[in-house]
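Undergrad: Sequence:
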Amino acid sequence: GFAGMSFVLIKKEGRDKDRIIICAVTVAAILLRTFYVLYTGAEQRQHDVGEFDTYLENNYHAEYIEYLLENHRLLDEDVRLHWQFYPPPLHHIISALFFGVYRSLSPSMAHNWDALQALSLLWSLITMAASRRIIAMAGFSSKGEILAYLIAAMHPQLIVFSGALNNDPLSVMFSLLAVYFILKWYEDKKNHHLYLSSVMLGLGMMAKLSAGLAAVPVAYLMVRNLIRSDRRIRCFLNYAGYVMICAPLGLWYQIRSYVLWKVPLNYLEIGRAHV
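Take 1 as the starting number for the sequence shown in the numbering used here and just add one per residue.
Just so you know, the hints here were simulated from the structure itself, not pulled from any lab data.
Glycine is no exception: its CB is placed at the ideal position from the N, C-alpha and C atoms.
Check before you lean on any hint, since a few could be wrong.
Pairs of lysine-lysine, DSBU-like flavour, derived with a Cα cap of 30 Å [what the hints assert, rightly or not]: (1) Lys-184 / Lys-11; (2) Lys-184 / Lys-143; (3) Lys-262 / Lys-143; (4) Lys-17 / Lys-262; (5) Lys-184 / Lys-262; (6) Lys-12 / Lys-184; (7) Lys-143 / Lys-11; (8) Lys-12 / Lys-189; (9) Lys-12 / Lys-262.
Computed Cβ-Cβ distance ranges for the label pairs, DEER-style [to be verified]: (10) Asp-76 / Ser-210: 21 to 27 Å; (11) Phe-140 / Pro-107: 47 to 53 Å; (12) Lys-262 / Arg-103: 36 to 42 Å; (13) Lys-11 / Lys-189: 45 to 51 Å; (14) Gln-157 / Arg-228: 51 to 57 Å.
Generate coordinates for the entire structure from the input sequences, incorporating the hints supplied.
TA: Quick look at the structure:
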C-alpha cells in the first residue's frame, strides 16, 4: 500500500525537479510517521494520556475515551475534579466511536488500544497536506517553498503527534485547515470557503480550546478584506455568519461546564494547578 501510494504521488507530480523534491519529502515524511506509529505503543511517549484498562479516578485522556465508550454520555460531575475531563470532548468522542466499531469487528482485539493511533496518523497526514497547501499559497521562491515544507513535514513534534492519543493532533489539524480555508476565501472571495474555515475553527476548539489561536490570522484577513471592500454591510453579515457557526461549535462544552458547575470559560488546569 505504501509503495502504491508513493508511485501515485510521484506520477502526479510529473517531471518538474522542484515538484519531485516536494514529493520525495512527502513520501519520506509519511514513511517516518508510519514507522514511528508502528514502534510506539498507546502508552509510550504520550502526554496526559495515562493508562488504558486502568482506573485512575477518571483523570486522563485514556479514561475519558473509555468512559464515553462504555457509558455513551459525558461525565456528569464537576470537570475540575477530573483533570483531563475539562477539555472539550471531540477527540474523545471520535476515538470512542472508532474503537467501538473496531472492537465490534474484531472482538479478540478489544484491548488493542494501539489501534487508536490509526486516527492520530490520519490527523497527522491531513495536517501535513494542509501545511503544504498553505506554504504553496505563501508566494515563496521554489527553494523557499521546499525549505518551508521540509521543516513542516519533518518537524519532530508533528511526527510525535502522529502517534499521540491526546487531543493535540486533532486540534492542530483543524487549526491549520481553518487557516487554509480562510486563505482560499481571501483569494477567491467564495463564501463557502469562509464558512468551511468557520466550521474547522469551531471543530478545532471542540477538540482543544487553544485551537482558537487560529482566530488571530483569520481575524487579520477579515479585517484586511473589510478595509479594502466597498461592500462592507455584506462583509459584516458574512462575518456574523462565521461567528454564528464557529462559536456554538467551539464553546458549547465550556458553556455547559459553566452552567452546571460554574467553571470559568477560560479554565485551564496545569498539573493540579487551576488557572
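Undergrad: For each hint, tell me whether it holds in the structure or not.
TA: Against the structure, the hints come out as follows:
no.	hint	verdict
1	Lys-184 / Lys-11	26 Å, holds
2	Lys-184 / Lys-143	23 Å, holds
3	Lys-262 / Lys-143	52 Å, violated
4	Lys-17 / Lys-262	58 Å, violated
5	Lys-184 / Lys-262	39 Å, violated
6	Lys-12 / Lys-184	22 Å, holds
7	Lys-143 / Lys-11	21 Å, holds
8	Lys-12 / Lys-189	28 Å, holds
9	Lys-12 / Lys-262	54 Å, violated
10	Asp-76 / Ser-210: 21 to 27 Å	25 Å, holds
11	Phe-140 / Pro-107: 47 to 53 Å	51 Å, holds
12	Lys-262 / Arg-103: 36 to 42 Å	37 Å, holds
13	Lys-11 / Lys-189: 45 to 51 Å	34 Å, violated
14	Gln-157 / Arg-228: 51 to 57 Å	36 Å, violated
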